[in-house]
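First to last, the protein sequences are chains A and B.
Position one of the first sequence corresponds to residue 1 (UniProt numbering), numbered consecutively onward.
Position one of the second sequence corresponds to residue 1 (UniProt numbering), numbered consecutively onward.
Calculated from the structure, these hints are not laboratory results.
Take the hints with a grain of salt, since some may be wrong.
Said to hold, decoys possible - To give a feel for the contact side, a few chain A residues facing chain B, derived at Cβ under 8 Å: (1) R69; (2) A75; (3) Y80; (4) D86; (5) G89; (6) L108; (7) A151; (8) Y204.
Remember, it's a predicted structure, so these values are computed and weren't measured experimentally.
In this text, a Cβ means the ideal position worked out from N, Cα and C, and glycines have one as well.
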Amino acid sequence: MLRTSDVQIGYGESTVVWDVDIEVETDQIVAVLGRNGVGKTTLLRGIMGLNDLQGGHVFLDGENVSTLRPFEMAAKGVGYVPQSRDIFGAISVENNIRLGSASSDEFLLKSDVPPFIYEYFPALEEKSGAKGGTLSGGQKQQLAIARALNADPSHLLLDEPSEGIQPSIVHEIGEQLKRIRDNRGISVLIVEQNLNLAMAVADYCYVLETGRVVEQGTPEEIESSGAVDEYLAV
Amino acid sequence: MITTIASVVPLQLADRVLISLTSISGLVLVASGLTIIFGLMGVLNLAHGALMMVGAYTAYAVQSAGFSPWLGIVIAPLVVGLIGVAMEVTLIRRLYDRPLDTLLATWGIAIVLQEAVTIAFGTSQKSVAPPIEGSVSLLGVTYPAHWAFIIVVTIVVMAITIGLFAYTDIGIMALAVIQDREMASAVGINTRVSDRTTFGFGSALAGLSGAIMAPLLSVNSTMGIAWLADSFLVVIVGGVGTFTGTIAGGILLGGLDNLFRTVISGYTSIAQAAVLVVALIIIRYRPQGLIPAGERGE
Chain A
1 MLRTSDVQIG YGESTVVWDV DIEVETDQIV AVLGRNGVGK TTLLRGIMGL NDLQGGHVFL
61 DGENVSTLRP FEMAAKGVGY VPQSRDIFGA ISVENNIRLG SASSDEFLLK SDVPPFIYEY
121 FPALEEKSGA KGGTLSGGQK QQLAIARALN ADPSHLLLDE PSEGIQPSIV HEIGEQLKRI
181 RDNRGISVLI VEQNLNLAMA VADYCYVLET GRVVEQGTPE EIESSGAVDE YLAV
Chain B
1 MITTIASVVP LQLADRVLIS LTSISGLVLV ASGLTIIFGL MGVLNLAHGA LMMVGAYTAY
61 AVQSAGFSPW LGIVIAPLVV GLIGVAMEVT LIRRLYDRPL DTLLATWGIA IVLQEAVTIA
121 FGTSQKSVAP PIEGSVSLLG VTYPAHWAFI IVVTIVVMAI TIGLFAYTDI GIMALAVIQD
181 REMASAVGIN TRVSDRTTFG FGSALAGLSG AIMAPLLSVN STMGIAWLAD SFLVVIVGGV
241 GTFTGTIAGG ILLGGLDNLF RTVISGYTSI AQAAVLVVAL IIIRYRPQGL IPAGERGE
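In isolation and in its complexed conformation, chain A is listed as follows (with noise of 0.2 Å):
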């Protein structure tokens, strides 16, 4: 379980995120909700490491895990799909999801990609040998959330996978996040303002509106709350 504690996240002597707790239960996909700049990147971004926690704690299994470096994070096994899709656009799609193994001990081009990866994005097989930065936006971010999953990870960190991508695959992309958390037992933590997708994906959610938490709950309690009117519409 990944469950963060009153935690306090920002940029030097701003604070974004104000003592917020989420909790990741194991084989569940877990939404954050909310517009444009209101932390949700800032607070997935702590979680992994890349910013420091201002105050709080992040907990992994019960482990105290607040003070890891993103690679350390990695090897615990949180994979992490960022908002820009930076995906390594000058090595191959191949050695790209290779590359989501680097924590692991095994040599990483002597390694083949594992089979239930190309099962779920088969376009990637087909330019496996091609670079990355020449796929398209949707490729791209399924190039992302490949090579994340091709470190075996408990938990899935993704940031607004649908940004900028056309409708059927944004919901090619909530299917697989399904079947990722069925098939394989990963944990997912996704922070989105595409409604439609968090809502059809998740098992819970919260809502995140000047750095707090302000609503949590099931979709349909999220619905019934009057949450999307006040803090999630456009």
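We have chain A; now place chain B onto it with these hints.
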């Protein structure tokens, strides 16, 4: 100004091709370390020439102590590689996002290295014996064996370096770190170790080039300055971030330098200026270089 060995050896027209090859090889060899540190890592390392100079002095010191010139060639990259690692750990690591500060810091390091060498070895020119004496016969001309050795070493070094970055885990991870340090860390790569290793390797190549080239040059504490400028020109004209670009840049600029020296015989400065003009024209109309890096990510 393109530095060539042509200025320090008596020339015959029949030797021009082989001399050009040696000159080009020397340029590419010296620029290879900068290809990694500046071209790939994006660090404006103004200490590159000084690192090469330290490599040359290391070779001199080893020989002066009575050891084989071969030992100098082995030790020089190790010594300079360690200096590079120390630079990365103490200064460069804090300056990856601050190019202007990097310029100042590396220029400062260059001055410190020059002064340290002057204090340790004095101001007089030093000479270094080549590891291979004698001559070989190539293309019908008698050719110093050490010159042929420089060509062979350059080919081997470039092949190993290209292979290292294309076909090894360390190389692929280094490329990932260079492209996106934050994301590389998030996939599990210890970026500090990778940066340190890559910078140290680039520095080691500078040291190796200094030791290899030392027998052809007057070894003094400021010898690296001209090579620094030449190396940046080769890397930029060839295409920043590609080893094949560095080779192309070295072939073009080194070849033109020797050609102009032959055509404009007796006017070395004009020949050097002509090479610089060609380089500027290329940079003006092809800023990405002769062989540009491919997709570098977003």
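These are the hints, each one checked on the structure:
The beta carbon of R69/A comes within 7 Å of a beta carbon in chain B, closer than 8 Å, and the hint placing it at the interface holds. Because the beta carbon of A75/A sits about 6 Å from the nearest beta carbon in chain B, less than 8 Å, this interface hint is met. Residue-level restraint check for Y80/A holds (minimum Cβ-Cβ distance to chain B is 4 Å; threshold 8 Å). A least Cβ separation of about 4 Å between D86/A and chain B falls short of the 8 Å threshold, and the interface hint therefore holds.
The beta carbon of G89/A comes within 3 Å of a beta carbon in chain B, closer than 8 Å, and the hint placing it at the interface holds. Because the beta carbon of L108/A sits about 5 Å from the nearest beta carbon in chain B, less than 8 Å, this interface hint is met. Residue-level restraint check for A151/A holds (minimum Cβ-Cβ distance to chain B is 6 Å; threshold 8 Å). Taken as an interface hint, Y204/A does not check out: its beta carbon lies about 24 Å from the nearest beta carbon of chain B, beyond 8 Å.
When held up to the earlier numbered hints, the structure conflicts with hint 8 and nothing else.
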